[in-house]
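Make a model of the complete structure from these sequences and hints.
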Amino acid sequence: MGLLSKKDAKLITDPLADNNPITIQVLGICSALAITAELKASLVMGIAVMFVLGIGNVVISLMRNIIPSKIRIIVQLIVVAALVIIVDQVLKAFAYELSKTLSVFVGLIITNCIIMGRFEAFALANKPWRSFLDGIGNALGYALILLIVGFFRELLGSGTLFGIPVLGDPIEKTGVYSLGYENNGFMLMPPMALIIVGLIIWVQRSRNKALIED
Amino acid sequence: MGLKSNLHNLKEKYKGTKMAPAFNAIHTFLYLPNETTHGGTHIKAADDLKRTMNIVIMALVPCLIFGIFNAGYQHYAAIDAAAGLTREASLFANFLTWDNFVVGAWTVLPLVIVSYGVGLIVEFIFAVIKGHEVEEGYLVTGMLVPLIVPVDIPLWMLSVAVIFGVVIGKEVFGGTGMNILNPALTIRAFLFFAYPTWMSGDKVWVHEAVERAGTADAISGETLLGAYAQNSSLAGIDYMDMFFGFIPGSVGETSKLLIILGALFLIFSKVGSWRIIVSTLIGALTMGLIFNGVVSAEWIGESSKFYGLMNVPFWQHLIIGSILFGAVYMATDPVTASQTNKGKWIYGFLIGFISIMIRVFNPAYPEGVFLAILLMNVFAPTIDHYVIQGNVKRRMKRLKVKTA
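Chains as they are written, first to last, in full-length UniProt numbering: chain W, 1 to 214; chain V, 1 to 404.
One or more hints might be untrue.
Label-pair ranges, simulated between beta-carbon atoms [unchecked claim]:
id, chain 1, residue 1, chain 2, residue 2, range
1, V, ASP80, W, TYR96, 50 to 60 angstroms
2, W, LEU147, V, LEU85, 56 to 66 angstroms
3, V, TYR239, W, LYS100, 46 to 56 angstroms
4, V, PRO110, W, GLY168, 48 to 58 angstroms
5, W, THR111, V, LEU264, 47 to 57 angstroms
6, V, GLY131, W, ILE47, 40 to 50 angstroms
30 angstroms max Cα-Cα, derived DSS-like pairs, lysine-lysine [unchecked claim]:
id, chain 1, residue 1, chain 2, residue 2
7, W, LYS7, W, LYS127
8, V, LYS393, V, LYS342
9, V, LYS256, V, LYS305
10, V, LYS270, V, LYS342
11, W, LYS209, V, LYS130
12, V, LYS4, V, LYS18
13, W, LYS209, V, LYS18
14, V, LYS13, V, LYS50
15, W, LYS209, V, LYS15
On the chain W side, residues computed to face chain V include the following (Cβ under 8 angstroms) [as the list claims (entries may be wrong)]:
id, residue
16, GLY180
17, GLU182
18, PHE186
Quick caveat, the hints were computed from the structure, so don't treat them as lab data.
No experiment lies behind these values; they were computed from the predicted model shown.
Positions of the beta carbon are idealized from the N, C-alpha and C atoms, including for glycine.
Below you can see the structure in the form of structure tokens.
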């Protein structure tokens, strides 16, 4: 990448695979399980977290020298909360149906461990530009897993992708449904999301033995 | 050269290669290996893993055969019922007939073949990838699976569930002996949550009922629990039919008599733990008695949706549904059950207790046995931990008294 130095580019690419916030650090699992039954919700959640984490990291990084370390958690919370409220209001204004699907989980971005984790671990000790890249990178890693999980859950659970039927009509029995295929109701339940995340972790660690800890 | 020496030569030829476990598995499954152990201490025991598994399979075969006949019997009984004829079950007159056997074998044997075929393929693949020997664990699971599903479950669903159950229920934990959950029940749970329309209702328990639905030849047959959960009356079914198993249900779990015989065989051969079986039944009876008490104390009226199942006399809970099958063949799985004797009592009691609780309180899950066993599978190590800690504490106290 010509735009970024090698070190900066690593901030973006690292969290996508070998330091993925969900599969390696196992953070942000709660929302990953709850909202990934549909691909659209996964995408919006990924974008929302990217917005909050990117801007939040910059804000924290700008203030890093003036935040008293004793109250830094409170300051971080206020920053996240402010950003999450913006996201929430925007969703309610322009994508009301979707904000109803996501329901409480937009608000719960505040408690997403990835965000506080990056504030603490990175933004408090780095300059704004690098913090911004780190935030975007981690949010991309988060969104990537959400999209993979959402893809399988929506395809196998409802036979659609982004709400568009791709396997035929289950009621009219067209497409693969005419062969006797049926949607897998288990896919729509959160336990299956946990199993899919587990399978991703399994595949990733068996491909890269360096990630196996103990 | 016979097959044995052929296999033996193949085994030598492929020694150390990737495919070695696959050849070894076929070889040791069919014959005794040629090698003997050298050096070190020898322990002579006749109860290796393969023999244990074979004993359980032998205990299951009567249930399978009965299930085949019953599948056919229920099919013809439902056709008679649709035509308005009543039918008295009798063992030789209309149960052990050639027609029943043909229909039953045609529906049940594919389940067995798919279960074993798919499961063993998964096992072989994992053995080759991981480079260990193929384990015998699937032999029992593969036999249990066809016995705990409805007769008309589509075969592709069964294979998806078997792959899921073997991989998630067993292989991710490290294979036979390392699993937390009973793989056969994991398979059933997967089917139940993934395809609920094929695992409950009044169509799936009778062969061809689904295809005939909506036509003039429509037939149906509901399980007793399904009927109880809807508060319907159970006219026409007597307790002897329940006990002998001439009722609709999953393939192998209807005949209580054969399950009891299987249980005696397992206890006699010391493969199944009598503590778990007995305590499960005690747990179920306790919960049944509590519910009967609630009804007779009139805390709950006939209008309540729980009335139908709560009013079932407590001992009848043992002959409806599959609690007996679960207690004998599932709860006693030595890998996933508690290991300590005291732990087994607690483990079994809670399985029975929770089974009946789910059965009564959640009409959406008319059979709670498999959920209860899976739940207690998860808690079995915890129970063992506290039993052992309690023991350690007691002995420490004794030690202190002695030294003081």
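Status of the hints after comparison with the structure:
1. V/ASP80 with W/TYR96: 50 to 60 angstroms: Taking Cβ atoms as reference, V/ASP80 and W/TYR96 lie about 57 angstroms apart, which means the hint holds.
2. W/LEU147 with V/LEU85: 56 to 66 angstroms: 58 angstroms, holds
3. V/TYR239 with W/LYS100: 46 to 56 angstroms: 52 angstroms, holds
4. V/PRO110 with W/GLY168: 48 to 58 angstroms: Violated - the Cβ-Cβ distance for V/PRO110 and W/GLY168, about 26 angstroms, lies outside 48 to 58 angstroms.
5. W/THR111 with V/LEU264: 47 to 57 angstroms: 56 angstroms, holds
6. V/GLY131 with W/ILE47: 40 to 50 angstroms: 44 angstroms, holds
7. W/LYS7 with W/LYS127: This hinted pair holds, its Cα atoms lying about 14 angstroms apart.
8. V/LYS393 with V/LYS342: Holds - the C-alpha atoms of V/LYS342 and V/LYS393 are around 15 angstroms apart, at most 30 angstroms.
9. V/LYS256 with V/LYS305: 28 angstroms, holds
10. V/LYS270 with V/LYS342: 17 angstroms, holds
11. W/LYS209 with V/LYS130: Roughly 14 angstroms between the alpha carbons, so the hint for W/LYS209 and V/LYS130 holds.
12. V/LYS4 with V/LYS18: 21 angstroms, holds
13. W/LYS209 with V/LYS18: Within the cut-off at roughly 20 angstroms; holds.
14. V/LYS13 with V/LYS50: The hint holds at about 25 angstroms.
15. W/LYS209 with V/LYS15: Between W/LYS209 and V/LYS15 the Cα gap is close to 27 angstroms, so the pair holds against 30 angstroms.
16. GLY180: Holds: closest Cβ of chain V sits about 6 angstroms from W/GLY180, inside 8 angstroms.
17. GLU182: Since the shortest Cβ distance to chain V is 6 angstroms, the answer is holds.
18. PHE186: Holds, about 4 angstroms.
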